[in-house]
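**Q** Knowing the structure of chain U, use the given hints to seat chain S on it.
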Amino acid sequence: MQLVLAVDDSKVALLQIKKYIQKSYPNCEVITVTNPIEGIEIAKEKQAKLDMILLDFNMKEMNGLDTILQLENFFDLSKVAICSANTQKILIDKITNKGVLFIDKPLSQEKIDDMTASFKTRQIKGKAS
Amino acid sequence: MNLSELQEDLLKEIFNMGVGHASASIAEFAQCEVELTVPEVRICELSILIKNISATEGNKLSAVIQAYSGPFEGTAMMLYSEDASLDLVRLIMGSETPLEQLSEMESDALCEIGNIVMNSCLASLGTILEAEIETNLPEIITGNTCDVLTPDGKLPLDKQVVFLRMGFKLETGHLRGYLSFILDTDKIRVLLDCLQRYYEKVSA
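Just so you know, the sequences run in chain order U and S. Under this note's numbering, residues 1 to 129 are what the first sequence spells out, in order. Under this note's numbering, residues 1001 to 1204 are what the second sequence spells out, in order.
Chain U extracted, bound-state conformation:
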């Protein structure tokens, strides 16, 4: 895990994400932005260099699902997760049907570690197939 992009309109949530990721991956660079449109631009620029993108759901400029719909045009969604307290089953289904992971907030070290482990497994499976 070397480069991660986190998009959340809360600076506190971003700080949490960065802290948890860097605790397990001290050398990982975590780019944090509060605006999803800016996040999409960064994802376009970095593309395959990004190991993972974490998105909030409820954001002013664009919600997490609409952000996914933009990202899927150029980014592998199996490396994307949505972190939200909005745990409506209908919504989670829409997200996971796109191949995106869903993590419920509040975040914890354990949840972030489980998520990174899950991404690694997905990548191994992806390469094997």
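In case anyone wonders, no lab produced these hints; they're calculated from the structure. Note that beta-carbon positions come from the ideal geometry of N, C-alpha and C, so glycine has one too. Fair warning: there could be bad hints in the mix.
Claimed, not checked - Which stretches of chain S does chain U cover? Using the computed rule of at least three CB atoms under 8 angstroms from a CB of chain U, they are:
1) 1010 to 1017
2) 1024 to 1032
As the list claims (entries may be wrong) - Just some of the chain U residues that point at chain S, by a computed CB distance under 7 angstroms:
3) L15
4) Q16
5) K60
6) A85
7) N86
8) Q88
9) I90
10) K105
11) P106
**A** Chain S alone, transformed into the frame defined by chain U:
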């Protein structure tokens, strides 16, 4: 009173998490997706808040109100336009229920919905902030904005309040409303201390 950028961010984020969890309860009984707006925080005199809400929502409001106490206290409310309340009841009673029966059950059903949604929100806040929040029984208030926002005349109109609000709208478009908290600025200190501890925990 002013909130720092960090305090406002923390308030919005924990409220967002609380309402996010509550939205799952709304979606469960409505059987459809619930769209949420981003949270808003305002600090102003209660009289100004009443004026602004009347201007945007009309002067007639219905709300399920629930006072809560514990390390911090205030009033949680689920507001909705009066004409939408039967739709809300129909959602949980089923569309085949006769109108007469719906009207009879309306206040019971609304209290129950409000109770589930607000408790879900408050329980989530309590868990995040590691605080035990006690809730009183919910009650329904219908009337002009002033009656609804000043239940039992507890807060004087010139009181400074912190007003948190998040709107919800059912995917079907039949119902919209919002969940809000009104906090007395004199009693917000303990909440701000809880938020500070939460921040220290997540940033340590």
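**Q** Hint by hint, say whether it matches the structure.
**A** So, going through the hints one by one against the coordinates:
1. 1010 to 1017: holds (count 5)
2. 1024 to 1032: It holds, with 4 qualifying residues against the three required.
3. L15: 6 angstroms, holds
4. Q16: 5 angstroms, holds
5. K60: 5 angstroms, holds
6. A85: Result: holds, 3 angstroms to nearest chain S Cβ.
7. N86: 4 angstroms, holds
8. Q88: 4 angstroms, holds
9. I90: 5 angstroms, holds
10. K105: Because about 5 angstroms separates K105(U) from the closest Cβ in chain S, which is inside the 7 angstroms limit, the hint holds.
11. P106: Because about 5 angstroms separates P106(U) from the closest Cβ in chain S, which is inside the 7 angstroms limit, the hint holds.
The structure is consistent with each of the numbered hints, conforming to all of them.
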